[in-house]
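Colleague: Could you put the whole structure together from the sequences, leaning on the hints where they help?
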Amino acid sequence: MLRRTLGFVDKVSFALAAVAMVAILGLVFSMVYEVVARYAFNAPTIWAYDVSYMLNGGLFLLAAAYTLTKNNHVRIDFLSTRLPARTQHSVNATFYVLIFLPGFGTATWAAGRAAWGALISGEVEAVSPWAPVIWPFHGAIAIGLAGLWLQALAETLRHLVGLRAPDTVRLPSVSQPH
Amino acid sequence: MDTILPALMFPALFALIFLGIPVAFALIATAFVFGVVAFGDNIGQIMFSRTLGVAASPVLAAIPLFIFMGSMLERTSIARRLFESMQIWLGRMPGGLAIATITMCGVFAAATGIIGAVETVIGMMAIPPMLKHGYDKGLISGTICAGGSLGTIIPPSVTVIIYASIAELSIGDLFAGIIIPGLLMILFFVGYIFVLGILRPNRAPRLPREAVDMPLPEKLRITATGLLPATLLVAAVLGSIILGIASPTEAAAVGAAGSLVLTLAYREFSWRILYEVVRKSVSISAMVMLIVVGGGMFSGIFLVNGGRNLVADVVEALALPPGGLVAIFLLIVFLFGFVLDWITIVLIALPIFLAPLKAAGVDQVWFAVLMVVVIQTSYMTPPMAPAIFYLRSIAPKEITYGHMYRGVMPFVVAELLVLAVVALFPWTATYLPTILIGF
Chain A
1 MLRRTLGFVD
11 KVSFALAAVA
21 MVAILGLVFS
31 MVYEVVARYA
41 FNAPTIWAYD
51 VSYMLNGGLF
61 LLAAAYTLTK
71 NNHVRIDFLS
81 TRLPARTQHS
91 VNATFYVLIF
101 LPGFGTATWA
111 AGRAAWGALI
121 SGEVEAVSPW
131 APVIWPFHGA
141 IAIGLAGLWL
151 QALAETLRHL
161 VGLRAPDTVR
171 LPSVSQPH
Chain B
1 MDTILPALMF
11 PALFALIFLG
21 IPVAFALIAT
31 AFVFGVVAFG
41 DNIGQIMFSR
51 TLGVAASPVL
61 AAIPLFIFMG
71 SMLERTSIAR
81 RLFESMQIWL
91 GRMPGGLAIA
101 TITMCGVFAA
111 ATGIIGAVET
121 VIGMMAIPPM
131 LKHGYDKGLI
141 SGTICAGGSL
151 GTIIPPSVTV
161 IIYASIAELS
171 IGDLFAGIII
181 PGLLMILFFV
191 GYIFVLGILR
201 PNRAPRLPRE
211 AVDMPLPEKL
221 RITATGLLPA
231 TLLVAAVLGS
241 IILGIASPTE
251 AAAVGAAGSL
261 VLTLAYREFS
271 WRILYEVVRK
281 SVSISAMVML
291 IVVGGGMFSG
301 IFLVNGGRNL
311 VADVVEALAL
321 PPGGLVAIFL
331 LIVFLFGFVL
341 DWITIVLIAL
351 PIFLAPLKAA
361 GVDQVWFAVL
371 MVVVIQTSYM
381 TPPMAPAIFY
391 LRSIAPKEIT
401 YGHMYRGVMP
411 FVVAELLVLA
421 VVALFPWTAT
431 YLPTILIGF
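Quick note, the sequences are listed as chains A and B, same order. Numbering-wise, the first sequence is residues 1 to 178 according to this note's numbering. Numbering-wise, the second sequence is residues 1 to 439 according to this note's numbering.
A portion of the hints provided could be inaccurate.
One side of the interface only, derived from the structure: several residues of chain A facing chain B at Cβ under 7 Å [what the hints assert, rightly or not]:
hint, residue
1, V28
2, A64
3, I141
Chain B regions said to be covered by chain A (calculated; three or more residues, Cβ under 8 Å) [stated by the list, open to error]:
hint, region
4, 20-29
5, 120-132
6, 247-257
Estimated spans, in silico, between C-beta atoms of each pair [to be verified]:
hint, chain 1, residue 1, chain 2, residue 2, range
7, A, T45, B, V304, 26 to 32 Å
8, B, R272, A, I46, 51 to 57 Å
9, A, R38, B, G361, 17 to 23 Å
10, A, P102, B, A312, 31 to 37 Å
11, B, K219, A, F8, 53 to 59 Å
12, B, M214, A, I46, 50 to 56 Å
13, B, V304, A, A85, 51 to 57 Å
14, B, L187, A, S128, 34 to 40 Å
Just so you know, these hints were derived from the structure itself, not from any lab. By construction, the Cβ of each residue, glycine as well, lies at the ideal position given by its N, Cα and C atoms.
Modeller: See the structure below:
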């Protein structure tokens with residue numbers, strides 16, 4: 001049951017990363033389009049600037065949870081790898097439960113409220129001549145943060161399992177190649 | 001009283017980091033705990049604003065694109081082709097294979113140096129032939145570590161983009177600023193190998209004539225297909241930023257598209273590779289950018305929480321001339337470099353340095369270049385050298401830690417020489433930015 005739930009969270013994180021993968025291709029395409037339009041056709045777009053930061057901001061947050069499933073967020077592990085497996089698990093679990101989940105949760109909550117507010121008010125980007133609505137951008141940020149929070153919760157549960165049976169879950173110090 | 005809280009933030013951060021917590025999470029968590037004390041319920045909103053600020057930065061949007069470009073080129077045969085081209089022209093020099101490795105790194109690091117794996121790719125390719133031709137194992141280790149570390153100082157470099165975004169400097173200026181020091185560093189590396197090759201030919205032998213013997217048209221063909229495309233790609237990307245033709249983000253996108261075209265031209269493209277490259281790119285971008293987010297929260301909370309006064313007090317108490325201040329700051333960066341990755345160093349150290357440096361009237365571009373050189377030096381200075389740890393993971397057993405520690409030292413000295421040159425002759429960093437109008 002627990003294993004299936006954790007596996008499902010991993011899948012959600014991968015789905016968010018898949019959106020990010022499309023976004024990075026979109027980022028390449030839109031910027032090249034802008035350069036060609038400006039120099040070859042003397043017709044710069046009014047949207048390229050906004051699209052560039054919105055895609056970047058959305059894509060790295062949407063991929064953050066997936067990066068955690070692969071344990072690819074940099075750790076300085078020359079000391080921690082020398083700790084016994086149980087200690088490593090309890091250190092990580094304690095950190096997540098006491099500090100990270102509540103702390104990151106408040107930021108995620110604030111992001112969610114901002115995105116919701118932007119959606120119902122139909123707020124547009126004030127300084128841009130293109131004036132796009134900002135809820136998709138704020139929504140992507142909120143979803144990315146929520147995804148990372150959820151994945152951090154899943155990692156917490158994994159570490160708690162690891163406390164009882166260290167051999168059944170991977171250690172925090174073991175990362176997979178990108 | 002109000003300086004106790006900020007003074008505790010660094011020990012708390014380091015404790016979490018050394019316990020093996022991901023660096024980005026350690027930064028976010030420390031910011032949260034100390035932020036709650038100061039701001040209570042508002043902390044969530046403050047942390048979100050910081051996240052939004054990073055997410056909405058048009059400058060940082062160049063980062064995933066450069067990472068894409070690097071990951072793509074890493075998957076092609078470009079490194080092997082570059083190495084081959086350099087070998088046929090430089091192999092007959094004293095220390096020829098090692099010199100070919102360094103110069104190849106100069107181009108390859110520029111194109112892909114954004115990602116830590118450069119050293120791995122280069123090492124796996126260049127170690128076997130150097131061993132086969134009887135190169136000294138210390139020299140082999142030093143060459144790979146030095147070449148692999150060039151990515152920080154040869155533009156485009158992600159460290160420099162993040163630096164520019166925090167110090168609010170022009171990316172074009174910083175890229176232009178590190179060009180002369182970067183070339184100088186390659187020159188010093190090559191010079192050392194060359195002199196060693198003359199004085200101790202058995203440690204760094206020339207390649208035998210038959211190894212590079214081929215008709216001139218063949219040589220030109222290998223050069224035209226191996227060296228030119230990558231060099232042109234890098235020159236186009238850098239040139240358009242430095243000359244102000246395109247914004248860094250646009251130039252990076254053109255570079256990313258160019259890497260795709262190059263892969264197609266080499267007939268190495270497959271959908272599988274494209275998938276692997278975008279997957280890796282978003283993952284590395286998330287890793288880098290989340291540290292930027294966490295670093296922004298950490299330094300923001302530190303500064304408003306009394307850290308600004310704390311730093312000002314300490315600087316005032318030290319009563320150093322500008323040169324002494326720069327030296328102290330660089331020493332701190334060097335020590336941080338033993339344990340932290342370079343993105344984190346820029347994020348937590350630079351915001352603290354900025355105000356005192358401005359007050360002392362220190363040239364911003366000059367200091368940026370010095371700091372980049374120091375980060376690179378500490379990256380391969382024993383005993384805590386990430387460059388050596390990377391090398392260990394790919395080097396054959398017969399190359400020992402002893403070889404590595406001994407082997408990197410001459411290259412560390414070369415880097416310190418570059419540091420001394422830039423420190424004594426600031427124009428090496430500041431001249432090019434003044435004559436080039438960039439973004």
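Colleague: Look at each hint and say if it fits the structure.
Modeller: Verification of the hints:
| no. | hint | in the structure |
| --- | --- | --- |
| 1 | V28 | 5 Å, holds |
| 2 | A64 | 4 Å, holds |
| 3 | I141 | 6 Å, holds |
| 4 | 20-29 | holds (count 8) |
| 5 | 120-132 | violated (count 0) |
| 6 | 247-257 | holds (count 7) |
| 7 | T45/A x V304/B: 26 to 32 Å | 38 Å, violated |
| 8 | R272/B x I46/A: 51 to 57 Å | 37 Å, violated |
| 9 | R38/A x G361/B: 17 to 23 Å | 39 Å, violated |
| 10 | P102/A x A312/B: 31 to 37 Å | 33 Å, holds |
| 11 | K219/B x F8/A: 53 to 59 Å | 58 Å, holds |
| 12 | M214/B x I46/A: 50 to 56 Å | 54 Å, holds |
| 13 | V304/B x A85/A: 51 to 57 Å | 40 Å, violated |
| 14 | L187/B x S128/A: 34 to 40 Å | 46 Å, violated |
Violated hints for the displayed structure, listed by number in ascending order: 5, 7, 8, 9, 13 and 14.
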